[in-house]
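Protein chains: 2
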Amino acid sequence: MASKRKVCIIGAGPCGTSALFHFDQISDSATEVICYEKSDTWLGLWNFTWMTGTDEFGEPCHGGMYKHLWSNGPKEGLEYPYYTFTDHFGKAIPSFLPRPAMRDYLEGRLVKKSKSDIKRFIKWNTAVRYMRYNKKSDDFTVTTENLKTGQTFDTNFTHVIVAVGIFNTPDKPYFEGIETFPGRIIHSHDFRDATQFKGQRVLVVGAKYSAEDIALQCLKFGATSIVTSYRSSPMNFKWPVGIEERPLVKKIQGKVVHFLDGSSTEVDSIILSTGYKYKFPFMEDNLRLSSSRTLYPAGLYKGSLWLQEGNKKLFYMGVQDQFFSFTMFDAQGLWICRYITDTLPNKLTNCEEMKKEAQKWVQRCRGLKGNNEQIDFQADFIKDLSDGTGYSPDAPKANKFFHKWDSDKKANIVTYRDQQFTSLYSGIETAPCTKPWFQNFDDSISQFIKR
Amino acid sequence: MASKRKVCIIGAGPCGTSALFHFDQISDSATEVICYEKSDTWLGLWNFTWMTGTDEFGEPCHGGMYKHLWSNGPKEGLEYPYYTFTDHFGKAIPSFLPRPAMRDYLEGRLVKKSKSDIKRFIKWNTAVRYMRYNKKSDDFTVTTENLKTGQTFDTNFTHVIVAVGIFNTPDKPYFEGIETFPGRIIHSHDFRDATQFKGQRVLVVGAKYSAEDIALQCLKFGATSIVTSYRSSPMNFKWPVGIEERPLVKKIQGKVVHFLDGSSTEVDSIILSTGYKYKFPFMEDNLRLSSSRTLYPAGLYKGSLWLQEGNKKLFYMGVQDQFFSFTMFDAQGLWICRYITDTLPNKLTNCEEMKKEAQKWVQRCRGLKGNNEQIDFQADFIKDLSDGTGYSPDAPKANKFFHKWDSDKKANIVTYRDQQFTSLYSGIETAPCTKPWFQNFDDSISQFIKR
Numbered sequence: 264m265a266s267k268r269k270v271c272i273i274g275a276g277p278c279g280t281s282a283l284f285h286f287d288q289i290s291d292s293a294t295e296v297i298c299y300e301k302s303d304t305w306l307g308l309w310n311f312t313w314m315t316g317t318d319e320f321g322e323p324c325h326g327g328m329y330k331h332l333w334s335n336g337p338k339e340g341l342e343y344p345y346y347t348f349t350d351h352f353g354k355a356i357p358s359f360l361p362r363p364a365m366r367d368y369l370e371g372r373l374v375k376k377s378k379s380d381i382k383r384f385i386k387w388n389t390a391v392r393y394m395r396y397n398k399k400s401d402d403f404t405v406t407t408e409n410l411k412t413g414q415t416f417d418t419n420f421t422h423v424i425v426a427v428g429i430f431n432t433p434d435k436p437y438f439e440g441i442e443t444f445p446g447r448i449i450h451s452h453d454f455r456d457a458t459q460f461k462g463q464r465v466l467v468v469g470a471k472y473s474a475e476d477i478a479l480q481c482l483k484f485g486a487t488s489i490v491t492s493y494r495s496s497p498m499n500f501k502w503p504v505g506i507e508e509r510p511l512v513k514k515i516q517g518k519v520v521h522f523l524d525g526s527s528t529e530v531d532s533i534i535l536s537t538g539y540k541y542k543f544p545f546m547e548d549n550l551r552l553s554s555s556r557t558l559y560p561a562g563l564y565k566g567s568l569w570l571q572e573g574n575k576k577l578f579y580m581g582v583q584d585q586f587f588s589f590t591m592f593d594a595q596g597l598w599i600c601r602y603i604t605d606t607l608p609n610k611l612t613n614c615e616e617m618k619k620e621a622q623k624w625v626q627r628c629r630g631l632k633g634n635n636e637q638i639d640f641q642a643d644f645i646k647d648l649s650d651g652t653g654y655s656p657d658a659p660k661a662n663k664f665f666h667k668w669d670s671d672k673k674a675n676i677v678t679y680r681d682q683q684f685t686s687l688y689s690g691i692e693t694a695p696c697t698k699p700w701f702q703n704f705d706d707s708i709s710q711f712i713k714r
Numbered sequence: 264m265a266s267k268r269k270v271c272i273i274g275a276g277p278c279g280t281s282a283l284f285h286f287d288q289i290s291d292s293a294t295e296v297i298c299y300e301k302s303d304t305w306l307g308l309w310n311f312t313w314m315t316g317t318d319e320f321g322e323p324c325h326g327g328m329y330k331h332l333w334s335n336g337p338k339e340g341l342e343y344p345y346y347t348f349t350d351h352f353g354k355a356i357p358s359f360l361p362r363p364a365m366r367d368y369l370e371g372r373l374v375k376k377s378k379s380d381i382k383r384f385i386k387w388n389t390a391v392r393y394m395r396y397n398k399k400s401d402d403f404t405v406t407t408e409n410l411k412t413g414q415t416f417d418t419n420f421t422h423v424i425v426a427v428g429i430f431n432t433p434d435k436p437y438f439e440g441i442e443t444f445p446g447r448i449i450h451s452h453d454f455r456d457a458t459q460f461k462g463q464r465v466l467v468v469g470a471k472y473s474a475e476d477i478a479l480q481c482l483k484f485g486a487t488s489i490v491t492s493y494r495s496s497p498m499n500f501k502w503p504v505g506i507e508e509r510p511l512v513k514k515i516q517g518k519v520v521h522f523l524d525g526s527s528t529e530v531d532s533i534i535l536s537t538g539y540k541y542k543f544p545f546m547e548d549n550l551r552l553s554s555s556r557t558l559y560p561a562g563l564y565k566g567s568l569w570l571q572e573g574n575k576k577l578f579y580m581g582v583q584d585q586f587f588s589f590t591m592f593d594a595q596g597l598w599i600c601r602y603i604t605d606t607l608p609n610k611l612t613n614c615e616e617m618k619k620e621a622q623k624w625v626q627r628c629r630g631l632k633g634n635n636e637q638i639d640f641q642a643d644f645i646k647d648l649s650d651g652t653g654y655s656p657d658a659p660k661a662n663k664f665f666h667k668w669d670s671d672k673k674a675n676i677v678t679y680r681d682q683q684f685t686s687l688y689s690g691i692e693t694a695p696c697t698k699p700w701f702q703n704f705d706d707s708i709s710q711f712i713k714r
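Those protein sequence lines, which keep their order, are chains A and B. Each residue of the first sequence is one higher than the last, beginning at 264 in the numbering used here. Each residue of the second sequence is one higher than the last, beginning at 264 in the numbering used here.
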């Protein structure tokens, strides 16, 4: 008989709920699951909040999605094989979804495809304050607070899955003189509505996905001009009039920003689209993943199982940079679930072997060149997770969507969201957009599914 | 021989440093003191930061002071008897100080009047993650993190002084439809530079000191119009043209704000000057002060010693609403220091008697009517703390400054900072202002002390 397990899942975002979903499918009577979620709803970032800084309980705001955000990857690359977009919306829809429509799809999977009501596993408005691994008893003590009542609790668990996301802790660089800038300075984490920058000259610091998208958003909603500033290399898109790229900021003097190439310009607002860092303040140091952002952080077997402290009973979800996102989380949730419940064929248990295998992936990750190699790498990682778990997102086929998406972006950064794809699972071709993304200011579900 | 004591001070702001200052004066070899400060400098709020939301370590930003803030109370009511403003600046200066000048004075006291270098007690860039009281060993385990290295530590202490301030956790009300507002919404905690609102129509929600000051700041720096919105009663100042008061917000529809009196107006930005709440997320629930904001929170003997859990070895500083601020913190720091080091004459130890005495103050506090009664109440509280400690801020005389200040404000909210007072301790009359506050846009120390 299997020994009793008590599993703690921290966070009910897309990762935590994927783990919950699979525990529910396997429904093993020897396993008890509790999920702590600090807000009062699931799906994390996919909820819009008007707040910045701290939330209604004084906790750091989780939210990082802005009002007018549209998915920046084609839905065909993010689709659950057993719950397609056509299953959810009942008809063909365009490939790039506004935030509320994507949230609706994610929720549809959880509600319609779960065996039971998985909300019952979730303790809402509950923050994890601290967590230790107890060597003697080989378990974890998790200290939580009910944010509504202020009550604190210590609970012991045999396993912990950390699923708090990697978009909660802004990475904020310092530039000489930034404290003299009289305008508004925010991190993209606190970007809420592009119309706030209408008529302004905006500096966007950064050259990754969020810098690219926020620059476009600001232009779309009426900013006068946008200068983006890159550290290592420019994004090199064919930018529309109004957006230009410059090297890194050297210093700031009042409203004037000086760049490393000797040029300067005056701006009204600064948006630091400088990314996020791993941060797990609620854990002992030896349980914490510590790395710069990457597709394969070191120290994790199958990108999931923490190999240092915690006796192979501590797991991380979604800590890798993402192309496939939801299908990757789902494969990872199932793998972790099978690992914990001992239902994984050919389960490795030797720590040294695990380290060796993890090291191979880390090694390969370091050698990747360009987006296409990165996309294929993540597809292979998903395949590696899925082999033997019975899960079948066909990542090595879905990567073709991302290859095309990447070349669409290079061809035209303004129109790549207007392109069409064909679902791997339903075989249905995407509907064309009613309006090009750049001219479409209505992000509601109703306008999106109206055909 | 006295038993060994190990004292933890959490926070090196104006409160924590006052406690440190007095431990240094008493320099008792049986007492070891460690102060944890999460930033890399002391004096908390009195440092300006360009950041909002989270800081460079991803910790919630402490800062709540804006670039152009001037003290809103006369310096004569805040003066240390043994280190006057004239001692510090070497000449008579005006009564209301810009932020950098006030910080300079506070630092001058710590550096020039301490017996030794008190910075050596402080562990910088160190956040307290959790804290428990251990009944068995009658001590506290404080878990900290060195934010620079990520290392976590458990340290045991006999006594803990919580001095994290009460302006770190914004109280954010919700108004129907606020999520539809397309403009910027911030709490006053994240207000940094009033010029960001130049040319805008601003809604300031609130009717206390920060609402009053932020409305004036916005007008001073060029906002087009400011509407303030009160919950219980209007501030009723003689506002200059451009500022008006309305009852509470009823709902928000896009840019249009509707008030309870049926009126509505369109605004570009919303500033929630709705105050702060007590928040001590790093402690077990039974150690936490929990109250609405007041001049005398229940559960604290002498407004300082926590009477529930912790066996009379846990102290709070500066958790009361403040008029006198620095002299009150100083009296409190000395009282706590004498209490811990057993150098307090007629020290009460019986918990029931303490509770009874605390209850009397809480009772009296509830009956207070108007600012003058509140000012006198706080003066009496400081006197009560000081009796027998050897400290002599003459609060019952200093209250006259606040009485006059209150009537100056009622007479003219724009000019009250241009008034002059005479120091209780140096006997020197304040210098007149070189420029009226409302026309003075230079907040530097150099212009301020230039005569």
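Honestly, the hints are just simulated from the structure, not real lab data. Treat the hints with care, as some may be off.
Which copy is meant is left open, because identical chains are indistinguishable; a pair holds if it fits in one copy or across any two.
With a straight-line cut-off of 20 Å between C-alpha atoms, the simulated DMTMM-like cross-links for lysine to aspartate or glutamate are [claimed, not checked]:
1) Lys-518 to Asp-705
2) Lys-399 to Glu-572
3) Lys-411 to Asp-434
4) Lys-540 to Glu-322
Quiz prompt | Numbers of the earlier hints that this structure fails to satisfy, in rising order | solution = Violated hints: none; all satisfied.
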